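A.B. asks: Here is what each chain is made of, one letter per residue.
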Amino acid sequence: MRKRISVIFCLVVSLFTFVTLDSSIDKALGAEEKYPSRSIDMFCAYVPGGYADLINRFFVKGLEKYLKVLVIPGNKPGGGEVVAAIELANSKPDGYTVAFLADGPLIITPLLGKAEEYRDKLRIVAKLICTTQVMAVSTESPWKTFQEFMDYAHKNPGLTYGHGGVATAMHIRAEYLNKIGNLKMRGVPFKGDPEVTQAVLGKHVSAGFFSYQAPKRLADAGKMRILFSFTPPGFGPDPTLPTITSFFGKDTPDILPPSIYVVVPGKTPENIIKVLEGATEKVSQDPEFVNNLKTLYAQVCFTDSKTVYRDVLLKQGSIYKPILQSVGLKVVEGKEGMMAGVQ
Amino acid sequence: MDLFGGLLSGFQVVLQPANFLYCFVGVFIGTLIGVLPGIGPIGAMSILLPTTFGVSPVSAIIMLAGIYYGAMYGGSTTSILVNIPGESASVVTCLDGYQMARSGRAGPALGISAFGSFIGGTFSIIALMFVANPLASVALKFGPPEYFSLMCLCLTILIYLAKGSVIKAVIMGLFGLLLSTVGLDLTTGKPRFAFSAATLFDGIGIVPLVMGLFGISEVLTNIEGPLERIIFKSSIKNILPNLDDWKRSAGPITRGSVLGFLLGILPGGGSITSSFVSYTVEKKVSKHPEEFGKGAIEGVAGPETTNNAAAGGAFVPLLVLGIPPNAVMAVLLGALIIQGVAPGPTLINDHPDIFWGVIASMYVGNIMLLVLNLPLIGMWIKVLKVPYGILMPLILLFCLIGAYSLNNNIYDVVIMVIFGIVGYILRKFEYEEAPLVLAFILGPIMETAFRRSLIMSNGKFSIFWTRPISAACLIIAVLLFISTGLSIYRKTKPKMTE
Amino acid sequence: MNKRYDIVPGLFWIGLSIFAMAGSYKLELGDFRDPGAGLMPFLIGAVLFLVSLPIVLKPIFKLKIRNEIPKKTDSGKIDLVKVVSVSGSLFAYCFLLQKLGYLITTTSLLIFLLKTASPRKWRFVIIGSVLTVIVTYLGFTFLGLRFPRGVWGVR
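Chains as they are written, first to last, in this note's numbering: chain U, 43 to 385; chain P, 89 to 586; chain V, 79 to 233.
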């Protein structure tokens, strides 16, 4: 009896040891392995089922095709995407932890001075996606075009609009339109697009600002009317909609569409970044990926790492800054208000 | 497409072997997920989301929907057995369900919970079929002012939740309200009481909070004495509810079904609120209100029915308008979008197979769940017989894993442990957890609604009483408040004459 | 618990309410027509303060509070050491989980809990803990859960 128990005991302990150490053995044996040689964790900062989460899942599928390893989508929602950013900053820079982050944590949060914990610890590999954001009203309201809405707003200041959250990319664009169109609207903050949709349909606010797909579905069903789109002309899924430059003139500074980027921890070796960048570019040209994105009305707009730092972040930041200030938020000037590495 | 024709075609879809299998897999996993504390339906659905890629839209939705209401069935199991809410909607079931288990009536509690869930779920599906469209437009009429008034109404019932001292219940409510302010203020974007911890920006998670407050504190309370004292009286002769149980539960189940469905339609309203409301309604209309909190079967029948009825009601805004009323529905929405199906007003016309397929699958799923859960009751009762010395570490382990699995964030576990200790201390001083939880949930909705309303009206308070629904809720709330005040006054009048 | 000790939570509530009011004051109260971030917590703190006053003052001035339900007396001693040690172990688990990984930390925790909870032989405790950890690890990983990896790459 004693012998049997001892045998079982030894078996259990060895099984335990094996399971515990096998990952370490992997490491010890493969000294300089090719990247990637095992599964990659790719998480986004949103709840499952959300817009960006779905894009992430499509991207993951595409990435698997070109990197030939398992890529596991994950979610780390919270704190306005900051939780995911911090988590990424503290992850091992070995290329096996990648994240999908948007304008929020990469441009807006640093401007507000709240990005101390990750500002100089991240590296953007590429910009991948541009999303379309629009303004829409209920079909039961009297305005059929943006011009009509604007005229009405000039005569009757104090209309309300709903947006998905204070200091989000959407809110900033709404306030920008408010300013250059002199619409004199009051912003009612909601939490996420579905709440805004509900408020517009129920006519609790005069207009709503959200990502394109929710109002598009409702517009097709005849419940909403999309009046304005925040994309460069001819770029978005519906080129007939008025945009900033098409409506207000070519000289009006435009806001690039809100974007989603592929990001890794800052110290990730350059060769791994190159591999990821290349794979991302390939996915961006993959017809299946592009097709999948169509269901979400998102568009591919690949920009490589260097251009992102040299151009995109700087440009967007400079447009966001005055708008953030106009809604009463304090903005950090200079290099401390941007991700490290911006030239 | 007429109602019955549609339903018939829906059944044809569901009863295809593949879809039938998906339905079963869905409800099975859902039950499992519901039983395991912490990992809620969201976690399960997101894990299974990738598998739906290669599958037809109908099958995918059938499976995911099954997980959702399956979880509602399973969530009550741990609430009753070990006082751990399997997910936040099952919190109320802990109040009386656990007490029933301690007095040897775990079987009837689980039984009535299963039956109530079935009846509530089936009722909501029928209602969904007939009144989905008109109700969806009513739901839209609820804007910020209406939500505020409704929450005021719900908060006044908080006092009825209390078993004992009213003052302590009020303090617990205030504490809950205070805790709910932690996080990023939605209106101004400023963090409140977050101590610069990014995790706290979203506030204290409700699931770790209730798992700690109810589950962990119960464990701590139990281990403070010699463990032989923890005996769950288990006379297995009554595994199922008896006739008396059924008589007492008939009313709660009926009321719960209607209440749950109506409240489930409201985005943000949901299962938790409806289960609290059901509990207090039952306590108010019961002939033995003093039994509540000690093992009254009405306290299990009502809320459990409401849960599942609300789950059905939640499908109304999703299928009719394309608006997900809660995070779980958002995952479902996502799955539909990936499949290229756009839920919304056009769904019923463009994809009748999906609409009716889902509805038919809900019928089938509910029956499957009943069949699945009833025999399991015997098994669950045996779990209670495991010596507490072994049970306790396992309970703690599952709580830890469950809390971590919510967001893969260790701070959720920390919060759970902290509130376990807080709950333990509160129990020692005889403060009750239920009012805290209710206030914690309702507080943010109420405050956000209040401030949004004021922005909408540009500072004018009249917005609350010039809108009919809002005014009605406020009037009822005031009347309720006065009547509670009067009854308390009447109760204490004799004492005052000392 | 004796009626005497009721003052302890009462003092805690007073303290909490003052903390809340102070903290919310810093956040800008705004006014009723245009509430700031701090208005709601401030009001809650204020009401909490008022409601807790009777609890604190009662033992001092021996006022009668209505609706007092007589407390049930506790029979038997309370093993506070066990409660504290178990709570402590849970905290330790949280902090060590990220450093040492799931397998090691959980096994240690289970061993500790099983030993504390009931008098059983070491053999049983260790084998049971290890088995449980392995089963849960495999089971949950199969379900798609990601457990934290330890610092040395140990899972």
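Treat the hints as calculated values from the structure; they're not laboratory data. Check before you lean on any hint, since a few could be wrong.
Stated by the list, open to error - Where chain P lies over chain V, by a calculated footprint (3+ residues, C-beta under 8 Å):
| # | stretch |
| --- | --- |
| 1 | 84-90 |
| 2 | 93-105 |
| 3 | 115-129 |
| 4 | 161-175 |
| 5 | 186-192 |
| 6 | 206-218 |
Said to hold, decoys possible - Lysine-lysine pairs mimicking BS3-like chemistry, simulated, CA-CA at most 27 Å apart:
| # | chain 1 | residue 1 | chain 2 | residue 2 |
| --- | --- | --- | --- | --- |
| 7 | P | Lys470 | V | Lys199 |
| 8 | U | Lys245 | U | Lys233 |
| 9 | V | Lys177 | U | Lys134 |
| 10 | U | Lys233 | P | Lys229 |
| 11 | P | Lys473 | V | Lys136 |
| 12 | P | Lys278 | U | Lys197 |
| 13 | U | Lys324 | U | Lys226 |
| 14 | P | Lys473 | V | Lys177 |
| 15 | P | Lys278 | V | Lys193 |
| 16 | U | Lys103 | U | Lys348 |
| 17 | P | Lys375 | U | Lys233 |
| 18 | V | Lys160 | P | Lys516 |
Keep in mind that this is a model prediction, so the values were computed, not measured. Yeah, the Cβ is synthetic: ideal placement off N, Cα and C, and Gly gets one too.
A.B. asks: Hint by hint, note whether the structure agrees.
C.D. replies: Each hint tested on the structure:
no.: 1; hint: 84-90; verdict: holds (count 3)
no.: 2; hint: 93-105; verdict: holds (count 5)
no.: 3; hint: 115-129; verdict: holds (count 9)
no.: 4; hint: 161-175; verdict: holds (count 8)
no.: 5; hint: 186-192; verdict: holds (count 4)
no.: 6; hint: 206-218; verdict: holds (count 4)
no.: 7; hint: P/Lys470 x V/Lys199; verdict: 24 Å, holds
no.: 8; hint: U/Lys245 x U/Lys233; verdict: 17 Å, holds
no.: 9; hint: V/Lys177 x U/Lys134; verdict: 13 Å, holds
no.: 10; hint: U/Lys233 x P/Lys229; verdict: 18 Å, holds
no.: 11; hint: P/Lys473 x V/Lys136; verdict: 45 Å, violated
no.: 12; hint: P/Lys278 x U/Lys197; verdict: 33 Å, violated
no.: 13; hint: U/Lys324 x U/Lys226; verdict: 45 Å, violated
no.: 14; hint: P/Lys473 x V/Lys177; verdict: 36 Å, violated
no.: 15; hint: P/Lys278 x V/Lys193; verdict: 47 Å, violated
no.: 16; hint: U/Lys103 x U/Lys348; verdict: 25 Å, holds
no.: 17; hint: P/Lys375 x U/Lys233; verdict: 42 Å, violated
no.: 18; hint: V/Lys160 x P/Lys516; verdict: 16 Å, holds
Going down the numbered hints, you'll see the structure goes against 11, 12, 13, 14, 15, 17, while the others check out.
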